[in-house]
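Take my numbering: the final residue in the sequence shown is number 413, and no numbers are missing along the way.
The set of hints was computed from the structure by calculation and includes no laboratory data.
Note that this is a predicted model, so its numbers are computed, not measured.
Where hints are given, some of them may not hold.
Derived CB-CB ranges, DEER-like [what the hints assert, rightly or not]:
| # | residue 1 | residue 2 | range |
| --- | --- | --- | --- |
| 1 | S325 | P249 | 43 to 49 Å |
| 2 | T406 | T29 | 32 to 38 Å |
| 3 | N244 | P48 | 21 to 27 Å |
| 4 | P132 | G40 | 24 to 30 Å |
| 5 | S152 | R329 | 34 to 40 Å |
| 6 | G157 | T231 | 39 to 45 Å |
| 7 | A159 | Q298 | 52 to 58 Å |
| 8 | E165 | L405 | 42 to 48 Å |
| 9 | A76 | R119 | 15 to 21 Å |
Yeah, the Cβ is synthetic: ideal placement off N, Cα and C, and Gly gets one too.
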Amino acid sequence: MTTTTGSTATDQRLYSVADWYDAEALLTTEERQVLGRLRGFLDAQAKPLLAEYWERGEFPEQLARPLIDLDIMEPAELTVEAPARGIYHGFRIFELARTDASLATWYTAQAGLFRTAIRVGASEDQQREWMPKVIDFSLKGVFSLTEPEHGSDIAGGLATTARFEPGTGDGGTGSDDGTWVLDGAKRWIGGASTADVLCVFARDVADGQVKAFLVDRTAAGVSLEKIHGKTSLRMMQNAHITLNKVRVPEAMRLHNVNSFKDVAAMLRAMRSDVAWIATGIQAGAFEAALAYVMERQQFGRSLGSFQLVQEKLARMLGNITASLSLVVRLTEQQSWGIYRDQDSALAKMQTSLMMRETVGLAREVVGGNGITLAADVARFHADAEAVYSYEGTHEINALIIGRALTGASAFTS
């Protein structure tokens, strides 16, 4: 692998418009080539479908297999000597999100949430069996934590239960190591309808601790209902899942998840992915708005030549630049093995806050056309609202940061 980073005068930068301080220079030549391959696919095959499928509230399934076949989770050309770097993974999310938030959320459900659940929660033996299948999508899964009545308070309020029925075996081949019986419901689970397994978190009735299970989506007692009427992430298919006496073998329990602390370890890694999504959404909205104001004529000249429009463009660029600085630095820290709740919470909180302003300004400079799908900005404007809330609301992340600053928890019991 060529380890030299930075772009030369003859290189064509991928993010020259939105990446003002050239964070892209941290990527290797090979990493930029893979991202360029992804860009080509998104521009040629995905973008022409987005407005239609967003309005229909359906995911363009014809994109799924070609996107998987691009080999961008752990690209072969980047993993000859070691796994792909964190900065590459971040920019992969950024590239997807600057095209469409639903595409980024769909892909990250596998490459981020489900993969993290296996990486953090599975035993070494389980990882050896499952991780290759996660990477090549032959085992598709979704992270099923949120419940109908419990989102922000899920740590203490998780109501889905797991009851263990002992088996008769000793763990050897063909033996019965016991079965878990799951009851409850999950909500807002994106991509559940096309997953092979649902990574379900449930409270063990014996010790009150949270456990995690890979549940076959087609198992008896599992029912899925599509959530209709959404005004954000309309292409992403979110499900309400009901679990009624669902039987799961002990072998399908993630053996390293034995309390909510283990779930929290997953969340602190996942929030950095969402911060990259929030940053990518800003880039997409900004680039669409900039292209529009350069073309749109009012009062005999382009909108981009007006002082007030230029001020808004500058604010958008400032937000994106600050967001990129946050996520790049957080990703560097995590590559060194530094994972702290307050760090990922700060990145998710602040990038989402700036995202809200950026997409609002983008819609504003596009004017009335900013509420139509034709100018692209409307998708980013609407989809940002879901990203603002998922993987920890603004308030929850602020309290995580506040606890780290003061040493006092302001969470209610």
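Evaluated hints:
1. S325 x P249: 43 to 49 Å: With a Cβ separation near 46 Å, S325 and P249 satisfy 43 to 49 Å, so the hint holds.
2. T406 x T29: 32 to 38 Å: 45 Å, violated
3. N244 x P48: 21 to 27 Å: Between N244 and P48, where Cβ atoms are some 42 Å apart, the hint is violated.
4. P132 x G40: 24 to 30 Å: 27 Å, holds
5. S152 x R329: 34 to 40 Å: At 27 Å between Cβs, range violated.
6. G157 x T231: 39 to 45 Å: About 26 Å separates the Cβ atoms of G157 and T231, which means 39 to 45 Å is violated.
7. A159 x Q298: 52 to 58 Å: 55 Å, holds
8. E165 x L405: 42 to 48 Å: At roughly 46 Å between Cβ atoms, L405 and E165 fall inside 42 to 48 Å, so the hint holds.
9. A76 x R119: 15 to 21 Å: 20 Å, holds
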